[in-house]
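Please take these sequences and the hints and turn them into a complete structure.
Protein chains: 2
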Amino acid sequence: MAAIQQSLSTSISSSASTFLGQNKLRFRNQNVSMPGKTSGIVRCVATPSTEKTSYKTQVSRNENLAKLQAGYLFPEIARRRSAHMLKHPDAQIISLGIGDTTEPIPEVITSAMAKRAHELSTLNGYSGYGAEQGEKQLRASIASTYYANVGLEENEIFVSDGAKSDISRLQVLFGSNVSMAVQDPSYPAYVDSSVIMGQTGQFQKDVEKYGNIAYMRCTPENGFFPDLSSVPRTDIIFFCSPNNPTGSAASREQLTKLVQFAKDNGSILVYDSAYAMYICDDSPKSIFEIPGAKEVAIEVSSFSKYAGFTGVRLGWTAIPKALLYSDGFPVAKDFNRIVCTSFNGASNIAQAGGLACLSPDGFKAMMDVVGYYKENTQIIMDTFNSLGYKVYGGKNAPYVWVHFPGRSSWEVFSEILEKTHVVTTPGSGFGPGGEGFVRVSAFGHRENVIEACRRFKELYK
Amino acid sequence: MAAIQQSLSTSISSSASTFLGQNKLRFRNQNVSMPGKTSGIVRCVATPSTEKTSYKTQVSRNENLAKLQAGYLFPEIARRRSAHMLKHPDAQIISLGIGDTTEPIPEVITSAMAKRAHELSTLNGYSGYGAEQGEKQLRASIASTYYANVGLEENEIFVSDGAKSDISRLQVLFGSNVSMAVQDPSYPAYVDSSVIMGQTGQFQKDVEKYGNIAYMRCTPENGFFPDLSSVPRTDIIFFCSPNNPTGSAASREQLTKLVQFAKDNGSILVYDSAYAMYICDDSPKSIFEIPGAKEVAIEVSSFSKYAGFTGVRLGWTAIPKALLYSDGFPVAKDFNRIVCTSFNGASNIAQAGGLACLSPDGFKAMMDVVGYYKENTQIIMDTFNSLGYKVYGGKNAPYVWVHFPGRSSWEVFSEILEKTHVVTTPGSGFGPGGEGFVRVSAFGHRENVIEACRRFKELYK
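Just so you know, the protein sequences line up as chains A and B, in that order.
Going by the working numbering, the first sequence wraps up at 461, each residue one higher than the last.
Going by the working numbering, the second sequence wraps up at 1461, each residue one higher than the last.
A portion of the hints provided could be inaccurate.
[To be verified] Below, a list of computed lysine-lysine pairs in the BS3-like style, where the Cα atoms sit at most 30 Å apart:
| no. | chain 1 | residue 1 | chain 2 | residue 2 |
| --- | --- | --- | --- | --- |
| 1 | A | K321 | B | K1087 |
| 2 | B | K1419 | B | K1285 |
| 3 | A | K209 | B | K1333 |
| 4 | A | K374 | A | K457 |
| 5 | B | K1115 | A | K87 |
| 6 | B | K1115 | A | K115 |
| 7 | A | K461 | A | K87 |
[Claimed, not checked] Computed Cβ-Cβ distance ranges for the label pairs, DEER-style:
| no. | chain 1 | residue 1 | chain 2 | residue 2 | range |
| --- | --- | --- | --- | --- | --- |
| 8 | B | Q1260 | A | A66 | 23 to 33 Å |
| 9 | A | P291 | B | D1090 | 14 to 24 Å |
| 10 | A | E289 | B | R1446 | 26 to 36 Å |
| 11 | A | N212 | B | K1205 | 52 to 62 Å |
| 12 | B | G1388 | A | S359 | 23 to 33 Å |
| 13 | B | A1091 | A | R252 | 35 to 45 Å |
Everything labelled a hint here was simulated from the structure, so no lab data went into it.
All residues carry an ideal CB built from backbone N, CA and C; glycine is no exception.
Below you can see the structure in the form of C-alpha cells.
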C-alpha cells in the first residue's frame, strides 16, 4: 500500500515530461525573421497533422542550458519509473532510488509548524516578510547546535529553503568566470548548476565530462578520497561528506589535507554536510572542525534528511566572516546581497519546524528517525554482502554504493527495475566515476526495504 | 502595540547589517599571494586595535556584484528604520514602507496548512519531495482560477516560493547575453537581478542608471505607460501591472500595444501580475488576456499580497508552450530544467495553503483582506489629496504614489520618518524616474493607517 502511494506521488513529479515531449514537432519553416521587423505569424504543419503557429521570438536560447545533457538525473529516474508503471500496472514498485525520506515527521516538529500556521490567523501571531537571512532565533539555534565548538555565530548562518537552492545561489554568487572541481561521482546539482552559470565548456561525450571542470575521481582504491596531487587548482571545490552517492565520509586527516589544499591554492571550498548526522564514527560532522577552514570554506546543509523535510524545505548555508575574496572583500557580504535580491527567506512555517527540530525533544526525535534509516542501511548492506557484492558507504550515510564491476550502471538499474520492480539510482548519473555502481537508498519503510532485499536475493542469488 | 511588534520584526531583518559593517576594517597587508603557492597566514592590525587574520583566497570577487549600488532597497530602509528606533526609542513607529502585509491570514487557509503539517506526522499523510514544478492539484487550480478563459493549462504553471525568487530564476534562465528593458520606476529586483547576472554595464552615477538597460520612463504625463516609440529593442522586457511603486494598472489598449511591441521586436515580455487582484476597473488582470500574448509573454505572480503570504512564501510563473526562442526551442522546457536543478519545489505546507486560497471560501476570504487594504488606500489618497498633493495609483493597487515636485525623495522619506515616525519608501529607490515621489503602502492595521494619516496632516497642513 505504502509502496503504491509512493508511486503515485512520483508520477506527479514527471508531469512536466508530457509537456517536454511536445517539442518534437518538426517545424516546416525555420526561417528567422530579423529583430526590429514586424514578424507575421508563420503557419506550419506539424507532424502528423495538428496545425500550430510557429511564431518565434528573436531571443537566443541561453547556450549554457543547451550544454546540459538530457534531464536532471532524478526527474529522469522518475520518468523511467512512470514508464515502468505503465508497462507493469500491477507491479508493487518499491523506490530506493531518489533518496527521498519516507518516515513521518515527529509530532513535536509538525505540531510546532501547525501552531505557527494557526498563529498566522491571529493579530499578534501574524508575521509577514521575515529576514531574508532567516529568523534570528533559528539562526542562533543552528549556530549553537552545530557550530558552538567551532565558534561560528548566528550572523554567519543563512537559512534557506534547502541545500539545492543554495548551491545554485552560490553559483550565482561566484558568477561565470570561476573554475570548479567536484568529486566524481557526486550529487549532480554541483555540475549542472555550474554548467547553467556558464563556468564550463561543452560536454565531451568520449569522457562523459564537461570541459573546464576538474573531476576528482573517488574510487574504492583511494578510499573515495581524491588524490589531491593530481587535482589542478580551481577557484571553487565542491566536496560532499558523507558523500552522495558513495556514502563515504572523509576522515579528519583527509579533511585537514583538503583544507590545506584549498589554502595552498587560494580556493573556496563548498562543503555539503547534508548527511552529517548519519556519521557514527569520529569523522568530522562539519568542515569547520578543521583548523583554518573558516578562511577557505562555506558549508551547505539541510533539514531534509534529518527531519524528513524534503517536502517542507529548509536548510542553511554557513559563510564565515573570515572568508575573503582575493581583494579582501567578505564573501558573506555578497552572498547576503544575493539572498536579499533573489530570495525572500524560507517559509516562516518551515522555520518554526526547524526551531522545533533543534529543541531537545525535537533533536532526539530527529535522531530516532535517522537511526531507523541507519537500520535499513544495515539490512541493504547485509543483503548485498551475502550475495557476494562489494558494497561501500552505508556506515556513515543512508546510501549503499554497490559495485557491479564491468557493467553499465544504467543497464543494472534497468535490470533491477525490470526484474524486481525496485527503483535504484545508476551510478553513472553522478558522473563517469559512478560507472559500474548502483546507489541503493536506505530511505524507505522497513517492510519495503526488507521486501526489496528479498527480491534482490532472488535476482542475484 | 502592533506598531511596536512590527518594528521588532524588522529590526531582526537588518541583523546582517551588523555583520556588513565589519568590512570597514582596513587591512595593512593588501598583497595578493599567487595561486598555487602556499600562502601563510598574514597578520594585520585592524582599526582600532582588534587583531584579525587577513588570509585571502585567490578567488576574484564576481565583478557583477561589485556593480550593485548600496544595499537592496528594502533592507536599506529597514536599516534606516532601525537607526531611527535607536535615536527615538519611545517613538511609535508606523511602517507604510516595505509593502508587507499586516492582516491575519483567514482561518480557512491557515487551518489547511496546519492540517497538512499534522498529516506529515502520519504514515499515509507523509510526503517527501514533491514535484519541482509544484503539486499537480495546485497547478491545476491556479490554471482554472486565473487562466481558464485564456486557455493556459496546468503544465504551463510552475509553482514557486514567490515572485522574487522566480524573477532571479528567470534571469538565470536567460543568462548573461540578453538585453533588458524595465519600467522606470519599478520594483528593484528586476534591475538588481539583471546586474547580478552580468546583463548590464556599470552604474552611471550622472543619470543613476546601469549601462545596457533600457529604462522606460513612466510619468504622470504619459499616464505611467511608456512611450514605446522611444524604447529600443531589447531581448527581455520587464513589465509590472498594477505597477509597483506607481500603483498604475495598464489598460487593455496599452497592453495590446505592449504585446505588439514585443512581437515586432521578437522580445520576451516578463509580466509581473503580483497585484492583479487589486484591480477594480476593467484593466486586464493577466497579460494572457491580450491576444497573441502567449507567443511573447511569461507571467510571474504571487500569493503574497493576496493571502498575506509574504512570510509563507508561495507564487507561480506561467510560461506558455507557445513561447519559443529564436531557434524554436520552447522557453518553458529550459525553465523546467532550471526549476529541477536549482529548486526543489515550494514548501508542501505552503502549497496546501495555496490550494485553500483557491477554494471558494478561501478565495472569498482572500478578497475580503484585499478589500480591507483597498479601504486603507482610499484613506491615504484622501489624506494627501486634502493636503493638496497630487497622488497617483491607489485605485487598482495597494500603493499610493505621492508627488513632491522638485524635492529629493530620500529627503522627503527622512523628513517624514524624522517628524512623524512613519516609514515610507523613497521613489528614487525604484529608479531615477521615481525621484520626487514617495510610495505610501496601504498594508497596515487600520488604526495605524489612520494615525499615520493624522501625522501626515500635522506635518503637511
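Cross-check of the supplied hints:
1. A:K321 <-> B:K1087: 28 Å, holds
2. B:K1419 <-> B:K1285: 38 Å, violated
3. A:K209 <-> B:K1333: 23 Å, holds
4. A:K374 <-> A:K457: Holds: K374 of chain A and K457 of chain A sit about 20 Å apart, inside 30 Å.
5. B:K1115 <-> A:K87: 36 Å, violated
6. B:K1115 <-> A:K115: 10 Å, holds
7. A:K461 <-> A:K87: It holds: about 26 Å lies between the C-alpha atoms, which stays within 30 Å.
8. B:Q1260 <-> A:A66: 23 to 33 Å: 30 Å, holds
9. A:P291 <-> B:D1090: 14 to 24 Å: 48 Å, violated
10. A:E289 <-> B:R1446: 26 to 36 Å: Once the Cβ atoms are compared, 53 Å apart, the range 26 to 36 Å for R1446 of chain B and E289 of chain A is violated.
11. A:N212 <-> B:K1205: 52 to 62 Å: 36 Å, violated
12. B:G1388 <-> A:S359: 23 to 33 Å: 56 Å, violated
13. B:A1091 <-> A:R252: 35 to 45 Å: 53 Å, violated
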